[in-house]
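Chains as they are written, first to last, in this note's numbering: chain A, 1 to 370; chain B, 1 to 248.
Read the hints as simulated data drawn from the structure, not as lab findings. Note that the structure is predicted; figures quoted are calculated from it, not measured. Just so you know, not all the hints are guaranteed correct.
[Stated by the list, open to error] Subject to a maximum C-alpha distance of 25 angstroms in a straight line, what follows is the list of computed DSS-like cross-link-like pairs (lysine-lysine):
1) K162(B) with K32(B)
2) K116(B) with K138(B)
3) K162(B) with K117(B)
4) K117(B) with K262(A)
5) K162(B) with K116(B)
6) K262(A) with K76(B)
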Amino acid sequence: MTSSDAAFVPVASRPPPMQVRGVLPWIRRNLFDGWANTLATLVVLGLLVWALPPVIRWGLVNAVFGADNVACRALAESGACWGVVAEKYRLILFGRYPYAEQWRPLLASLLMVSAIAASCYRPFWRAWLMPLWVVVLATFFMLMFGGRFGLAPVETSSWGGLPLTVLLSTVSLVVAFPLAVLVALGRQSRLPGIRTICVLYVELIRGVPLISVLFMASFMFPLFMPQGTTIDVLLRVLLGMTLFTAAYLAEVVRGGLQALPKGQVEAAQSLGLGYWQTTLMIVLPQALRLVVPAIMNTFIGAFKDTSLVTIVSLYDLTGALQLAMGDANWRKFFFEGQLFVAAIYFVFCYAMSRYSRWIERHLNTGTRRM
Amino acid sequence: MSTDDPIIEFAGVNKWFGEFHVLRDINLRVAKGERIVICGPSGSGKSTLIRCINRLEEHQQGRLVVDGTELSDDLKAIDAIRRSVGMVFQQFNLFPHLTVLQNLTLAPMWVGRVPKKLAEERAMQQLQRVRIAEQAGKYPLQLSGGQQQRVAIARALCLTPKIMLFDEPTSALDPEMINEVLDVMIELAGLGITMLCVTHEMGFARSVADRVIFMDHGQIVEENTPDEFFNHPKNERTRDFLSKILAH
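Extracted from the complex, chain A is given alone in its bound form (with noise of 0.2 angstroms):
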């Protein structure tokens, strides 16, 4: 009150007091911040120092690199032995495909996986990524196929190994995240028929393991076709997945379409906007990036879970290896096919999980205070 005649003026703003940079600080204001902290890092450090000497030199010191049969024996697993990786990876990787061939599927997998990358990146989210995958998958078929410019045809029967993984996997996803989208809506419609059906439909489906639902579309299915009429074993497997997949996906995007206040559909249906104009602009952008995690979580499950087609006679990654693992010679080294394998999918799903996390920074620009 003493200076009531002076006008306010506000503090200037100052910067925010220097923490000591370099190695050592960081060390301890990370590592050794009190007694709790001290104990776990000294625990975990006792834990790396007794663990990891024995896997270096299991991995790699001790270990046979070469597809050398007689060193991998003489091991007596002192050593890992890569060398069935490099007599089988060809084996693995492309399961019962033509040896000579199987430049294909590499290109075929190789064009998958690139347009997947490609699709991914949000600029190139534009009109001509719909013909491009059109081009894209029929290049595929075409090279997996063959019967067409001089390529030898090769049945689906004998598709294995890495492309037959990225095929089920596309496939199943890219046709199970619109039918998700619609069943979702669909639980969600004034119709009660609608609603049924949509309710039935992800209960019944969620309620079966994959396996029983893989064994009836290898199985059951042809039993109620007419006869003489066959649909290829690996359609019939990339509907059962597909179907799957949905309906885990379908629960997903409801709770996104949940999350979503009541208000911004009102808003739209006061400006005169439809059913259909109001979901595309304004429901479904902001429902789905609610549920990008959970999305991403659903897709890497779903990723893993194409590994179970090996129970109808598909050989994807895991079930070449199961091939690869038939020679007696190579059997009793399992173990590090399996870390070879386990490495292939390890890769895959943490792109997925680095790719959600940056899409969710990326889709979420200016829908939250900055």
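We have chain A; now place chain B onto it with these hints.
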């Protein structure tokens, strides 16, 4: 003001939420260009009343005619009515994933089939009217509450509505921002658009309204000119309400 040729007419309108009788025997005629303020305690049905006008709520009994069209299950009729009725919400309800400009051009482009360039031109005019043109490229959540509400008003104006509905437009705002929104609304009142405004801003009601309506328990208790309403309220319930909100 004559109500012989009303732009909005409620005749014996009733509505229930489940068992709860939220609108009871509503009879109301609103003349073209009339500015009406609706007030009343919370839960009295005033928001529901104006939300029936653009069919965000369905009435179950009685007749409701808006701009010559009776509201029924006819979806075409509802679309036509929504095109001529703009609405401003308490919580703004801007689309957070679209920029301010995109918020404004969305409906004209997709509902009105206006070409993008023209829609953007008109949107900028409306943004200038609400004095916020420089924010056109920002996202709604980067703006203050008062700015967001002004954008929401501009968005509703982009469809050149004949009727504007305001549902407690200043209730979610910080006190310092209420006036910037009220100023814009007072300007609009001079344009000849029919306005129905649910609000407790009695200063706004006094200076702008042609008629003040007081609701309680889903009924219209009293309606009068602002002068009469504030100075000589007829009903005991109205006097009680006014004494509470005008006390401070």
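Hey, K116(B) versus K138(B), does the alpha-carbon distance stay inside 25 angstroms? 18 angstroms, holds
For the pair supplied as a hint, K162(B) and K117(B), is the alpha-carbon distance within the 25 angstroms limit? It holds: about 24 angstroms lies between the C-alpha atoms, which stays within 25 angstroms.
Given the hinted pair K262(A) and K76(B), is their alpha-carbon gap at most 25 angstroms? 23 angstroms, holds
Given the hint that K162(B) pairs with K32(B), test it: the Cα-Cα distance must not exceed 25 angstroms. Given pair K162(B), K32(B) holds - Cα atoms ~8 angstroms apart, limit 25 angstroms.
Given hint K116(B) paired with K162(B) - CA-CA distance at most 25 angstroms: 23 angstroms, holds
Holds or violated: are the alpha carbons of K117(B) and K262(A) at most 25 angstroms from each other? 31 angstroms, violated
The structure does not agree with numbered hint 4 stated previously, though it agrees with all others.
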